[in-house]
Structures are given as structure tokens and as C-alpha cells.
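Going down the list, the sequences are from chains A and B. Taking the numbering used here, the leading residue of the first sequence gets 1, the next gets one more, and so forth. Taking the numbering used here, the leading residue of the second sequence gets 1, the next gets one more, and so forth.
Hints in this document: simulated from the structure, not taken from any laboratory. Quantities reported herein were computed from a predicted structural model and do not represent experimental measurements. Beta carbons: idealized from backbone N, C-alpha and C, even for Gly. Do not take every clue at face value.
Unchecked claim - Keeping only pairs whose Cα atoms sit at most 25 Å apart, straight-line, the calculated DSS-like set for lysine-lysine is: (1) 97(A) <-> 93(B); (2) 441(A) <-> 396(A); (3) 80(A) <-> 102(B); (4) 37(A) <-> 68(B); (5) 68(B) <-> 80(A); (6) 5(B) <-> 341(A); (7) 5(B) <-> 97(A); (8) 246(A) <-> 275(A).
Stated by the list, open to error - Stretch-level coverage of chain A by chain B, calculated; a stretch enters the list once three of its residues show a Cβ under 8 Å from a Cβ in chain B: (9) 48 to 62; (10) 366 to 375; (11) 413 to 423; (12) 427 to 441; (13) 469 to 476.
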Amino acid sequence: MYQYHDFDKDFVKDRVSEFRAITQRRIDGVLTEEEYKPFRLQNGLYLQLHAYMLRIAIPYGTLSSRQMHKLADIAERWDKGYGHFTTRQNIQFNWMKLQDVGDVLEALAQADMHAIQTSGNCIRNVTADHFAGAAKDEVEDPRITAELLRQWSTGHPEFAFLPRKFKIAVTGCRDDRAVTAFHDIGIQIIRNQAGEIGYRILIGGGLGRTPLIGQVLSDFVPKADLLCYLESVMHIYNRYGRRDNKYKARIKILVQENGLDETKAQIEAHFHAIKQTHPPLSQALVQKITSDFAPPDFTKIGAFDLEAECALSPSFARWVAQSTDKHRDDNHVILTISLKKHGATPGDATASQMRIMADIAKRYAYDELRVSHEQNIILPHVPKPHLLTIYNLLKKAELATANTGLVSDIIACPGLDYCGLATARSIPIAQQIATHFDTLKSEYDIGPLKIKISGCINACGHHHVGHIGILGLDRAGVENYQITLGGDGTQDAAIGQRTGPGFSFDEIVGAIDKIIAHYLAKRTSRDETFLDYYKRVGMTPFKDLLYHD
Amino acid sequence: MPQNKLKAIKGQKPTRFAITSNDLLTGDVVYLSVNGTWVLDIAGAKHFASESVAEGVTQHSHAACADKIVGAYVIGLDEAGQPISNRETLRTKGPSNYFHGKQQIT
Ligand code: SF4
């Protein structure tokens, strides 16, 4: 795993001192809130409905057990004993006090963490496939590229005041778990016909009030050119991105208004103009980062008959089937720990749950954890012989819900329960849907189904790419929920289509139930997933049953 | 149990107004009281019959207390002195997923 160097340590330490000094000036009344606010936001500190919220960066979603322990300590000492893992692979603490934040940042710095660039119009935390380094079909670990981009973009003066925030996601696989098509820049690591590794670059994707699927900016950027190429993208965005209207300021609008061809021509002209003088990518640096992400020695684990072990316990077998994915090494699996116990708040973990996950990772899984954008925790390398022990430990901590990828594995943003921008609540809707289908005991029968809920048009809950998306709005003072169907955040990217008028807080679970009951009754077989069914029949039957029955 | 049902009524108009903010140090939701201090409980909030008068007082009291609070603004209340918007109802008590916030204290 990447370790902070002296440079990183000094940089973060300096930022903590700076934060303390400037915050004290605000407390002493020397600075007004207007003067202070941009500064606190650049350090991830928001003021939400009930309290300050601190958003902490988890670069490419990767944590060591030491770091997870530190997050648990923060939750317990300075917050209310829990943290909320977000759809951008970060963690948020909802109950911070201003005078404590300097201490929290110092505690984070001790574990090589910070909250820098988790807000503001800058390049945000670079996200990556949560199965990085473990997936079977991976061309290369995307975290090497993501770390390179983190170093390049952190504190970069040219990117400190962009027209709007800028999000980059990287995947090393064809199976896109990083939602790259819905980022300002999506990067897929690929191998060309000559066998060279490089990058396929998507531009202009995004969710929010104008959902757009990213378009291919370049089919192949050689590795050595990546930073120069992306610098050209940022240059054109900085120069031509709209600053007159915040709702039109993302790069996706620039691409939409000017067209892909013109944007591409501008970027490539700049790229060719600076290429000769652009400092070459340091191979020593790339090698150092690559060695930081060297995979563990998987050969120490021998063959193991997991099927035989599963045969002894149906509940363990179900959990294994639902929570594990194929690993690049046959004697290991990738384990998803669901943070979606039925009725719980999606993405929340208590301090003691964080410690248990950290201890399991340290003892049994090469000391590595990941945060997925689907608000679960991943142990990327789990030796098969340890699975049963891990299951029993997780079960005691209420962390062994076998629902990954099912109807109750819901993404939900904080919504109106916490967020200052929200128009409706998300969390209680997620809780009620999960509880409803758990009571019916139907979620295994329903099969793969992604429900995603946002509490406003900003779409942090990714509702546009939910197989079923729910968008909470305010209609004349009351909560109202619009449904979209057919969204897909994978390599088959699609934006969900609205069914029609929204539903009240009391009606929305019933509406979702109707949709799913219809699917169950009409699918050709269990092999036809909800998304397959929707693609086959389209919107009409759903409209009929929701509005005309 | 934390609050779950919100009682907002479609299209309801406020009959009175109050001024709210967040405490600078704790972030707690506060209300401007009759004697000009900021109090935690909405029951202690000063009521205004006119929104524009409340707006005027907001600017004045915000300027006077800028080192103690963050961003004062006017909220609409019903006859019982309770907020009419869901957002402000949640701010008076706390979130609906945990028994946290003010509902934890009262
Ligand atoms: S989608 Fe809206 S309500 Fe949800 S977290 Fe984002 S800004 Fe807040």
C-alpha cells in the first residue's frame, strides 16, 4: 500500500497548522464567515443541518487497518460513535464541533490521512475500482494511476479554482465497477493491439441535474503522456468552462455545448503544443508507486475446498455466494462486507464495527480494506480457508448480511436528515424498502437489483444509474419521490428514464413493491434480471401499473 | 424512536416567522430569542408577524453576532410556533435515522 513520504507528511502537517491558525482567527472574530467559508470547505468541513460535517478523503477507497482504526477512534472521540461511508469512497462524520476539527485533522495526519480537496472547485478525491489489484480480468492495478493523479492534482495551483468541482475515476478492467462513464474524466486502463498498456479516456460524463454519459475523448493515450494529456484537458476546461452559471459550469456542459469534436481538437492542439516541453513522467516515481501497490504473496495459501465447507452450513453458503467474487488467485476471494443490514442506514458503520473489520483485515486479509462507491467495505484478498472464521466474527458484529447486489443493498445519500441542499429524505426510504423486502423474504428470488436514492437533484445517491432510481423532491412543501428505471453505471452505461409523476413518502415503498411484483410475475425465468426485463419490455407496462391500474 | 413522520402540509403558508442560525463553535441549531440571545429550543424563539420585519432584524442581528453564529435566516412557523417546512422541523429535533441531535437531549 502507498505510504506517505516525508513530503506528504510535511504537507499534511502544514495544512493542519494552517487550519488551526485560520480557524482560530474565525473564532476570535478576525475573519468573517464569508472569508472563512472557502477555507474550511477546502479542508472538507461543511456546515450541515444540525452540525458541522467533516468529509475525509480515502484515496481510491483504500485503507489499512491502522487507518480504519483511526477512523473508529475519531468516530468515538469526536463524533457520535459512527461514520458514514459515501458514494465517492470517502467517509463523513456528521457531528463535528468546530473547535475539535484541528485535533481531528491532526489525528488523521498521524495515520497518513486528510480532508484536503474533498470539497470546493478542485480535482476531488480520485476514485478507483474497489476490486483493484484483486480482479481476475484486470489489465493493471488502477490505484497506481490514481495515486499518480492524486500526487499531480493535490495542491496544484492551476487546478485550485476550476469553474466547478472535477471528478476522476479509474478502472483497470472491462467490467466497470468505478462508474467511469459518469465522471468528468473516466479512465480505463487498456492494452492496445501492440500489447502496450495505456488509457482510454472518457470525458463529460456526470450525474446531477444534467445526467450525461461520458464520450470517448481518446481511444488510447500512451502511459507516458497521461499527465500531459490530462493537463491539456484541465487547461481547456479552465479556459473555456463556464463561470457565469454554476449549473452549467461542469466540463460535461462545455462538451455538450461545444461538441466533442471541437473540445477534442482544442485539447489535442494544446497537448501537442506543450508535449515537447512537458516534464517527462518520472519512471522512478512510477516504479516506486507500482512497488507500493505490489500484490501480496498469494502463493502461501494452498488449495482449499470451500464448497465442502459451505455444504455444512446453509447460512454460510448463502453469505459466501452473495458476498464473494472471483479473485485473480484461485485460493482467494474478494469479500464484500455489507453495510446494509436490513433497516440500518446505508453506508454507516459504528466505531466497534470499524475496529472489527480492521482487525479481520489485519489478521486474515493482508491488512487491506476498501470502501466501495456502493457504500460497502471490501476485503480485496481473502484466503478461502479463513472465510468461515471471518463470517463468524462479522456475524457477531451484525456485519454478515448476505445481501450484496440485492434489493436491500441500497445506495442512499444523507438526504434531508443531514444535508443542507436536500429536498427530501433518502435514508428512511432506504430503510423501509430494505425492511419491506426482508419481511417478504423475497430478495433472493428477486435477484440482482440496484436501487439508488438521492435526496435532491445533485444525485449523490447515483439515482440516475440505479436499475430503480429514486429522487426525493419537495413539492409545495411535502416530500415527493420520482422513480426512474433502467439506469446502469457499468460499461453498459445508461441513464434511467422517469416513470412519470412522483409518489408521496407514504406511497413510495408501495410503488417500488408494485414494480418488483410485476417483474417477478412476468420475467421469463430467474435468469432474466430486472434490468434485462426492463430492457426487453420497456417503460410502458410499468407506467400502466403505476398510473393506470 | 427518532422522529420519522414529518407533518408538512402541502402548500401551507406561515402565519408567523422566526430567525434561526447555527452556533459557530458547536454547529448547533439556534434561534433568536426575545431578549436578543440565541437559544437552542425553538420554544424560546422570538416570533415576528411580518417576514420583512424579520428579514431586517436578521441582517442586524447577524452583523451583531457574526463571531458567534453562522448565516442567520428567516423561517416560517405555524399557529403553534412550529416550522412549516420539513427541513426546519428536522432542524428542531434531529435526523430520522438516529436518536441524535436535539431529540437526544430533550
Ligand atoms: S444528493 Fe442532494 S441531498 Fe443527497 S447528499 Fe447530495 S446534495 Fe445532499
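- Any of the earlier hints contradicted here, and which numbers? 7, 8 and 10
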